[in-house]
Structures are given as structure tokens and as C-alpha cells.
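Each chain, letter by letter, is given below.
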Amino acid sequence: MSFRILGTGMCVPSRVVTNDELARMLDTSDGWIRQRVGVRERHVCTDETAADLGYRAALDALEDSGCRAGDIDLIIAATVSGEDTAPSVSCSVQQMLGISCSAFDINASCSGFVFLLEIAAGFFARGTAKRVLIIGAERLSRITDWEDRGTCVIFGDGAGAAVLGEGSEYLCSKFTVEGGSDVIHIPQHTGKSPFFGRETASPYIKMRGRETFKYAVEAICSDVNYILDSNGLNIDDISYIVPHQANARIIDFAAERLKLDKSRFYQNIELYGNTSSASIPIALDEMNKNGLLHSGDLLLFTAFGGGLAHAACLVRWTKN
Amino acid sequence: MVFEKIAAMLADRIGCDVKELSMETKFETLGIDSLDVMELLMLMEEEFGTDIEIGDAKLATMADLVGLVESRLGEQA
Numbered sequence: 001m002s003f004r005i006l007g008t009g010m011c012v013p014s015r016v017v018t019n020d021e022l023a024r025m026l027d028t029s030d031g032w033i034r035q036r037v038g039v040r041e042r043h044v045c046t047d048e049t050a051a052d053l054g055y056r057a058a059l060d061a062l063e064d065s066g067c068r069a070g071d072i073d074l075i076i077a078a079t080v081s082g083e084d085t086a087p088s089v090s091c092s093v094q095q096m097l098g099i100s101c102s103a104f105d106i107n108a109s110c111s112g113f114v115f116l117l118e119i120a121a122g123f124f125a126r127g128t129a130k131r132v133l134i135i136g137a138e139r140l141s142r143i144t145d146w147e148d149r150g151t152c153v154i155f156g157d158g159a160g161a162a163v164l165g166e167g168s169e170y171l172c173s174k175f176t177v178e179g180g181s182d183v184i185h186i187p188q189h190t191g192k193s194p195f196f197g198r199e200t201a202s203p204y205i206k207m208r209g210r211e212t213f214k215y216a217v218e219a220i221c222s223d224v225n226y227i228l229d230s231n232g233l234n235i236d237d238i239s240y241i242v243p244h245q246a247n248a249r250i251i252d253f254a255a256e257r258l259k260l261d262k263s264r265f266y267q268n269i270e271l272y273g274n275t276s277s278a279s280i281p282i283a284l285d286e287m288n289k290n291g292l293l294h295s296g297d298l299l300l301f302t303a304f305g306g307g308l309a310h311a312a313c314l315v316r317w318t319k320n
Numbered sequence: 001m002v003f004e005k006i007a008a009m010l011a012d013r014i015g016c017d018v019k020e021l022s023m024e025t026k027f028e029t030l031g032i033d034s035l036d037v038m039e040l041l042m043l044m045e046e047e048f049g050t051d052i053e054i055g056d057a058k059l060a061t062m063a064d065l066v067g068l069v070e071s072r073l074g075e076q077a
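Those sequence lines, one after another, are chains A and B.
By our numbering, the letter at position 94 of the first sequence is numbered 94, and the numbering carries on one by one without gaps.
By our numbering, the letter at position 72 of the second sequence is numbered 72, and the numbering carries on one by one without gaps.
No lab work stands behind these hints: they were computed from the structure.
Just so you know, not all the hints are guaranteed correct.
Stated by the list, open to error - Listed next, the in silico DSBU-like pairs over lysine-lysine satisfying Cα-Cα at most 35 Å (straight line):
{"#": "1", "chain 1": "A", "residue 1": "206", "chain 2": "B", "residue 2": "26"}
{"#": "2", "chain 1": "A", "residue 1": "319", "chain 2": "A", "residue 2": "289"}
{"#": "3", "chain 1": "A", "residue 1": "174", "chain 2": "A", "residue 2": "262"}
{"#": "4", "chain 1": "B", "residue 1": "5", "chain 2": "A", "residue 2": "259"}
{"#": "5", "chain 1": "B", "residue 1": "19", "chain 2": "A", "residue 2": "262"}
{"#": "6", "chain 1": "B", "residue 1": "58", "chain 2": "A", "residue 2": "206"}
{"#": "7", "chain 1": "A", "residue 1": "262", "chain 2": "A", "residue 2": "289"}
{"#": "8", "chain 1": "A", "residue 1": "262", "chain 2": "B", "residue 2": "26"}
{"#": "9", "chain 1": "A", "residue 1": "130", "chain 2": "A", "residue 2": "289"}
{"#": "10", "chain 1": "B", "residue 1": "19", "chain 2": "B", "residue 2": "5"}
{"#": "11", "chain 1": "B", "residue 1": "58", "chain 2": "A", "residue 2": "262"}
{"#": "12", "chain 1": "B", "residue 1": "58", "chain 2": "A", "residue 2": "259"}
In isolation and in its complexed conformation, chain A is listed as follows (with noise of 0.2 Å):
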């Protein structure tokens, strides 16, 4: 036992942030950001919180299933980006959804969608739930250097969600951690104890690019060849690889190296820009809502990011 996904949703904030405009607020072109990234615009939240994405794209995931919000009996999200340690964002979204379960969040950065997975997998396999919400939600721009032209192109915010039942579509996963490396490093806030002497740096996002791009460009192909060998399956069993959208340059790198066409890999990074943790359920909603999924297709998930940690996983997509 397992499960299956029984409806999937999405929000992002109305506000949206072209190249264009960045260009006026830093040193930097829709050009570059567009060969560099691969992003031409990026939603940016005004007055939401993680929290409120969160529940918005929990309600579209809701409808889509056809539960109600009281089927609801565990409520995970991943983030990096909520505004409140407490009460976490999966917490919140049980109060706006008025219903009484179980909620937790996890921090699994970029790759938190698929521990979701995993996590959920673990609650179906002892009986312990049979309806389970997840959410990836995100506001990166508020752990975004805003004057680091480097950074501040790549991300956006929003959120995705599911809404699993019992089933037993979760075929595969694998985790790989490098714990420690400060390739991709997001310091907390620092605090105000008296008591603690070590400097800390300011809390925003910082990456090293060049061994962010390496990193991931391996961990996509090491994750899709394992997922593949493992279960016995080439390449044209898969009807898509949805990978995180972290990078239009790393997808594409990753899929010369794979010896795939770039179509083999669901992209939408585009119009969102690298949302952490909401980009693969994002995506999947998109994909669901726009008919490209059909009851029996495989889908590879495959997601990489801070830790370091990657992470893929294997679903049957189950609903027409």
C-alpha cells in the first residue's frame, strides 16, 4: 500500500515581475536572464504569505480530487520559505481549512515535493491515513538579496499541492544527501542571544552557481538512470521526466547528457521562475489541467537543491 494521486492545484500570486523590470531595479537584460535561467517572468507575492498560497493551491487540489476539505486526515507541507516557524504553514492551512487533522511541515528545500511522496508512502503503508494533503509553498522572495543580481532572476514564489488516497502508484524512490555543503546556503535568521558569539551571515539565498549547475545536472542523471534500471524500464516507457525547475540550462544539460530530447522533460520555468519546493507540484498541476496526463502514464520526478540533496521518485498516474 501506497497511493494514488487523487487531484492536484496550484497558486501563484497576481503580482508578476518581468525581465523587464528587473532590468530597471539592477544591472541585468530579459536577454541574460532568459539565456541564463530561463526565466521570463516570476510571480512575486505582495500581501500573501507562503501560508495563503499554500491553502489556495490546497483548495484547487481539493476540487480536483472531489474530497472535501474534512476528508482531509494529515496535512504535510515543504518549505523554506514560511513566514512563521510557528504555527507552520501545513498548520495554518488546517485552521483556513477549518478541519481538525494532523499537520507538519519539512524542510527538504528544492527536493521537499518528493520526500512528500515518500513521507505520505509512509502514513498510507501503516494505515494511519487515507486521504493526505500535500503542499509545496513558497515565498522565495522573502529570503531573496534583492541587490544580487546572481540570485534574485531565479526565483519565485507559489505553491503546489495534492491531494493523495489510498493506492499503490508510488512505484520507486531514491534519496541521496551530501549533508553540510554550502554550495547552495540559506542562513536563518540570526537571532538576538546575548550569549552566541559566532558571526552569521545575512539570510538570503546564496549559491555558487558553477557547482549548483554541476550538481544538479549529475544528480538529474544519476536519479532518471537509477529510477530507469531499477524498475526495468526504458525511456519511452516514461510519458514525462518532471523535473524541479530549478534551471533551464541544467534541464537542458541534463537531457544532452541523458541522450533525451529536451521534450521528454515537462518545463515551465518560464513563467515561474524556481519556486523550491512548489515547482514539481506546480508543474504536475499544469500538466494535469491542461489534459497532457492520462490514466496508466509513468512520471519521473526527479528534484536536487539545497543539503546538498536529490531526490526521485516514480508515480502511475491513475486518474483520467
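Guided by the hints, dock chain B onto chain A, whose structure is given.
Just chain B now, with coordinates in the frame of chain A:
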């Protein structure tokens, strides 16, 4: 040998004549950005069957890239 391999690979990727490339060639003048250089480096890793750590290495010219690859290969020799 390292220069010839990188030059051939680069010429193939950007569609230029390999004779236009020298150790002094600056990637920027070819329209090559740092991620393109990483792609070249990763293809070199595959070619030589070894990991090449970049650290903080400056990789602005062919000489920079050739030097990095040769030094890493030399360390493993």
C-alpha cells in the same frame, strides 16, 4: 592533448572553426558563459573518466580551463 580535446569539443558545440581557438581565447568573446564552461568541464570529466573539482578556479580563457584539467589529471597521475 587536453587543449586539442577541449578545442574540438568547443568548436563542435558553438559551430566555429577549431583553428580560431587558442590558449589565449577568451570565452566571453565567443559568447560562452560560465555554465557553458561547466558543460565543457563535465564533458571533459566524462572524456577522462575523472572528477574535476572547480573550487574557486577562474575560468575565463581556454588557458584557464586547460590548466585546471591538466592540473587535476596531473594530481591523479
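Of all the hints numbered above, which does this structure not satisfy? Sort the numbers upward. none
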